[in-house]
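Engineer: Whenever a hint applies, use it, and build me the whole structure from the sequences.
There are 2 protein chains.
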Amino acid sequence: MTYKELYNQIKKKKSFLCVGLDSDVSKIPACVKEKFGPENSQYEFNKAIIKATAKYTVAYKINTAFYESEGARGFEQMALTVRYIKKYYPEIFVIADAKRGDIGNTAEQYAKAFFEKMNFDAVTLSPYMGADAVIPFLKYKGKWAVILVLTSNKSAEDFETLKVCGVSGEKKSRSDYLFERVIKESARWGDKNNIMFVVGATRPEKLARIRAIAPDSFLLVPGVGAQGGTVNDVATHGMNGSCGIIINSSRGIVFAGCDKKFASDAAAKAKELAAKMSLFVK
Amino acid sequence: MTYKELYNQIKKKKSFLCVGLDSDVSKIPACVKEKFGPENSQYEFNKAIIKATAKYTVAYKINTAFYESEGARGFEQMALTVRYIKKYYPEIFVIADAKRGDIGNTAEQYAKAFFEKMNFDAVTLSPYMGADAVIPFLKYKGKWAVILVLTSNKSAEDFETLKVCGVSGEKKSRSDYLFERVIKESARWGDKNNIMFVVGATRPEKLARIRAIAPDSFLLVPGVGAQGGTVNDVATHGMNGSCGIIINSSRGIVFAGCDKKFASDAAAKAKELAAKMSLFVK
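One line per chain: the protein sequences are U and D, in this order.
Take 37 as the starting number for the first sequence in the numbering used here and just add one per residue.
Take 37 as the starting number for the second sequence in the numbering used here and just add one per residue.
Just so you know, not all the hints are guaranteed correct.
Since the list gives no way to pick out one identical chain from another, each pair is judged satisfied if it fits inside one copy or across any two copies.
With a straight-line Cα cutoff of 20 Å, these simulated EDC-like cross-link-like pairs (lysine to aspartate or glutamate) come out [to be verified]:
{"hint": "1", "residue 1": "Lys-48", "residue 2": "Glu-193"}
{"hint": "2", "residue 1": "Lys-190", "residue 2": "Glu-221"}
{"hint": "3", "residue 1": "Lys-199", "residue 2": "Glu-221"}
{"hint": "4", "residue 1": "Lys-199", "residue 2": "Asp-212"}
{"hint": "5", "residue 1": "Lys-123", "residue 2": "Glu-241"}
{"hint": "6", "residue 1": "Lys-50", "residue 2": "Asp-227"}
{"hint": "7", "residue 1": "Lys-307", "residue 2": "Glu-127"}
{"hint": "8", "residue 1": "Lys-63", "residue 2": "Glu-152"}
{"hint": "9", "residue 1": "Lys-190", "residue 2": "Asp-269"}
{"hint": "10", "residue 1": "Lys-122", "residue 2": "Glu-144"}
{"hint": "11", "residue 1": "Lys-190", "residue 2": "Glu-144"}
{"hint": "12", "residue 1": "Lys-179", "residue 2": "Asp-227"}
{"hint": "13", "residue 1": "Lys-63", "residue 2": "Glu-144"}
{"hint": "14", "residue 1": "Lys-179", "residue 2": "Glu-41"}
{"hint": "15", "residue 1": "Lys-179", "residue 2": "Glu-127"}
{"hint": "16", "residue 1": "Lys-123", "residue 2": "Glu-41"}
{"hint": "17", "residue 1": "Lys-47", "residue 2": "Glu-221"}
Hints are computed from structural coordinates only; laboratory data are not their basis.
All values reported here derive from a predicted model rather than from experimental measurement.
Structural biologist: Okay, here's the thing in structure tokens:
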């Protein structure tokens, strides 16, 4: 999917909402497990959530952990979910929240897994190992690397917000935060058409700083809702002329309801968030 | 597996070799694919390699990328491989080279995937997101987090070797490399009994520096062979009184041979590396 196609969808739906399908089997309503069997419950739960929320949503994010913890059958249900979205809602952007980060021929294998075997549009990547961990993903036209920059968790301050010194051979500038250096360095690897950045909604003051370094790039923003971020703050500090942000909510939507009403409760929650977003979409 | 059990195995086998089962289907000999079918070839290839190399080997490392790229069936063959090793060679340490790094309830799902669903002893983790990405794995007794510190790839220099400044509230020390800060910080999360570090064999001069900061910890060292590191250099700069290093070789062993002789060629290569190591094991 291109930058323009994504932006067009945002304008059309007046929403920049991403729904995170963190479909933890232990939290899936009993009615789903009883009707379809526990081994099919992630896929069936996802289908119901997708049907109910697609009109408010420009993206779905699938965190691989919740599927891998169910073994090969979980992995298969993840693949089936992507196939379902791509079949019935081909305009929706699908992100593998995999946070992978490996190099060379190994990174190529991950790219093959997420972009070829499964038809994800994007995959989240950890930048720790540098360019080698990202570049193999950028070789796929129309696919995206979504690089961890400043995450929403407390221990983001262990390393992401450390100040780093200039590298040799480079004119010494004011010291950057590590997360700023990641953004600057990634400009050598790709551009706004194939790289996005993950920035937590819990740090709106940093969001403006990031927007200044990466004026054109899309930011994927988790942490709205339970973690304390708000649509207002994120939109105010993070938007650019092409929207430039996708806000993710996972549990706050997919586990909003209980038992038989789970899908309509999820839809209501998605609608509520999208309504807040619509005020910001020109 | 405990620190002591791992060390005892090293003394018994006079080897600190880890064989990396990077079982890329496109490189698996035709005879295996023909006999067992391509969809079983990773598992059958692994079994043959394990049978041939187990006596020279204290650990197997399974890089998840090569299995995920084959979809759910690949994922299943990975799980079957761990089960096979644990059934027939329970003394051997089994590492998921997954380089995961996620937080909170997501990290718990990965721990469940690798330690409960599959019976890995250890999993490699990226430290970018800080403590939150590691601590859930340390709650499992006898299991290990293997944290990326200084990797063997060229772009390790993008971020891992940046100098970082002191954090607020801490007495300003001489500036550390980011990878040093990761080691120091991780001392707050666990100890030599549940944390190891990944350090590339291609940087022996840094290995001594790391050993000085983490005198007691095991280091998992890839990069011997094709990438240019040597057993001699790594052992000289990296060993401690309890050996303290595990050297990994993947392609150099498992794809050492061609077609029908693949297992015996792999065994010969493993034997050769173990013989070099035996000179260093007291």
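Engineer: What hint numbers does the structure not satisfy?
Structural biologist: 1, 5, 6, 10, 17
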